[in-house]
Amino acid sequence: MIRVQKEAEIAIIGAGPAGASAALNLAKLGLAQKTVVFEEHSQIGKPAHCAGHLNIKSLNKLGIKLPPKIIENKIRGARFYSPSGLSFKIERKNPVTLVVNRVLFDQMIAEKAERLGVEFYLKHKVRSFLVKDGKVSGFIVHDLDRKIDGKVYSKIVVDAEGCPAILLKKADFFYPKPESFVYGCQAEVDQIEDVRQDLVEVYLGKKFADGLFAWIIPRRNGTAKVGLATRHGSPKKALLNFIRKHPTASKKLCKSQILSLSFHPIPLGGPIPKTYASGLLVVGDAASQVKPTTGGGVITGIICAKYAAKTAFKASNLNDFSEKVLAEYQRAWTSELGFEFKVMLRLRKMLDKLSDKQIDKFFKLCIRTGVNETIERVGDIDFQGQTLLRATLNPKGLISLLYLVWTVLTGR
Numbered sequence: 014m015i016r017v018q019k020e021a022e023i024a025i026i027g028a029g030p031a032g033a034s035a036a037l038n039l040a041k042l043g044l045a046q047k048t049v050v051f052e053e054h055s056q057i058g059k060p061a062h063c064a065g066h067l068n069i070k071s072l073n074k075l076g077i078k079l080p081p082k083i084i085e086n087k088i089r090g091a092r093f094y095s096p097s098g099l100s101f102k103i104e105r106k107n108p109v110t111l112v113v114n115r116v117l118f119d120q121m122i123a124e125k126a127e128r129l130g131v132e133f134y135l136k137h138k139v140r141s142f143l144v145k146d147g148k149v150s151g152f153i154v155h156d157l158d159r160k161i162d163g164k165v166y167s168k169i170v171v172d173a174e175g176c177p178a179i180l181l182k183k184a185d186f187f188y189p190k191p192e193s194f195v196y197g198c199q200a201e202v203d204q205i206e207d208v209r210q211d212l213v214e215v216y217l218g219k220k221f222a223d224g225l226f227a228w229i230i231p232r233r234n235g236t237a238k239v240g241l242a243t244r245h246g247s248p249k250k251a252l253l254n255f256i257r258k259h260p261t262a263s264k265k266l267c268k269s270q271i272l273s274l275s276f277h278p279i280p281l282g283g284p285i286p287k288t289y290a291s292g293l294l295v296v297g298d299a300a301s302q303v304k305p306t307t308g309g310g311v312i313t314g315i316i317c318a319k320y321a322a323k324t325a326f327k328a329s330n331l332n333d334f335s336e337k338v339l340a341e342y343q344r345a346w347t348s349e350l351g352f353e354f355k356v357m358l359r360l361r362k363m364l365d366k367l368s369d370k371q372i373d374k375f376f377k378l379c380i381r382t383g384v385n386e387t388i389e390r391v392g393d394i395d396f397q398g399q400t401l402l403r404a405t406l407n408p409k410g411l412i413s414l415l416y417l418v419w420t421v422l423t424g425r
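The numbering of the sequence shown is this note's numbering, which starts it at 14 and goes up by one.
Some hints here could point you the wrong way.
Here are the computed distance ranges between Cβ atoms for each label pair [stated by the list, open to error]: (1) G98 - K145: 55 to 65 Å; (2) L272 - D207: 15 to 25 Å; (3) K145 - V116: 33 to 43 Å; (4) Q46 - G235: 40 to 50 Å; (5) K74 - G383: 26 to 36 Å; (6) K183 - G98: 38 to 48 Å; (7) S100 - L274: 25 to 35 Å; (8) P60 - N332: 36 to 46 Å; (9) L272 - K250: 13 to 23 Å; (10) K74 - G246: 35 to 45 Å; (11) K148 - R209: 53 to 63 Å.
DSS-like, lysine-lysine: derived pairs with alpha carbons at most 27 Å apart [stated by the list, open to error]: (12) K265 - K249; (13) K220 - K249; (14) K250 - K220.
Everything labelled a hint here was simulated from the structure, so no lab data went into it. Here a beta-carbon is modelled for each residue, glycine too, at the ideal position from N, C-alpha and C.
Make the full structure from the sequences, and use the hints.
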């Protein structure tokens, strides 16, 4: 029974990085008193949903300064392993990424928005949109403490619910398709051996991680984040199998004790075709604004949240929340990220077609041509499309890319 009602000009679903960033940007634009955020969990940031491996260049561009307590490590590069154990590394002189505490990171963004006047409602689970004649006018929300439902009426709903975007599916809007999902499992472990503190390790191959890859991300205190994503079967079983039986990684993890486990679906199919409707903006994992190559979505979600806030601000000034006005959001984020998503999705489709044997052949070529040296000079983990273009200007990079395409096309 509906017993509670609330009105707000802008109602945000989800207090993860995308939702909280949308709230923070709206507050900076002067709309704090008109913005509310609903989060189903009792504590922002918990459970943690990803590895928290973020590009320093992108953080600086977004103006995000992190206090030392959030930074768990500074990373200068990565070592990549093929299924048979071949490896090469990409390394910079200075740190290029940060390992962050995702709980504290998420809370930092939300606390900044709250200090500026945005209201946050924790332990409130949104059940469904209120939709009439194709216009979203709010949603039904369940208060998990009082065990009652309520209606929230708004001019704009910002859906940052995350994956698998159940609300979009219920309302018959575009939503990330389950067939594009991989299922991640990450362990916090107490110790690792023979892993450089300033390098992450990435393990490719379908035998152990058929959906994406496996990773070891070291922390300065000697602990690490170890995870993978898979398309089939239990991700927990796949991770335990990787830790215990991978010919290379198992030696580094043989003395490790698992401190905790976390699970999350990851959409790798590229952004949904339409991220807006009358009265609705969709941001972050809910919109599948996730890098298809790596599964990372924190930075891209924050970038898109910035554009969602700007569009909502414009709509508020015009007092026009129609689809025509809100379409500006999609044009804005597409202008910055559209090319990147297209390139990364094509790369993901090519990588998915490679067998473990073909991955080994590709590694041999990369090692032989020294393509890692090219990537070291031009690489950017968030803007991989631009990196690829710059890499192809170098003969080594062009040869490696052409070989990858040829392998996919011929099946050799």
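Against the structure, the hints come out as follows:
1. G98 - K145: 55 to 65 Å: Hint holds: Cβ distance 59 Å, inside 55 to 65 Å.
2. L272 - D207: 15 to 25 Å: Roughly 20 Å apart at Cβ, these two residues keep to the hinted range, so it holds.
3. K145 - V116: 33 to 43 Å: At 38 Å between Cβs, range holds.
4. Q46 - G235: 40 to 50 Å: holds, 46 Å
5. K74 - G383: 26 to 36 Å: holds, 30 Å
6. K183 - G98: 38 to 48 Å: Hint holds: Cβ distance 46 Å, inside 38 to 48 Å.
7. S100 - L274: 25 to 35 Å: For S100 and L274 the Cβ distance comes to about 27 Å; the hint holds.
8. P60 - N332: 36 to 46 Å: holds, 39 Å
9. L272 - K250: 13 to 23 Å: holds, 19 Å
10. K74 - G246: 35 to 45 Å: holds, 39 Å
11. K148 - R209: 53 to 63 Å: holds, 54 Å
12. K265 - K249: At roughly 19 Å apart (the allowed maximum being 27 Å), K249 and K265 satisfy the hint.
13. K220 - K249: With a Cα-Cα distance of about 15 Å, the restraint between K220 and K249 holds, given a limit of 27 Å.
14. K250 - K220: Given that 27 Å is the threshold and the Cα spacing comes to 13 Å, the pair holds.
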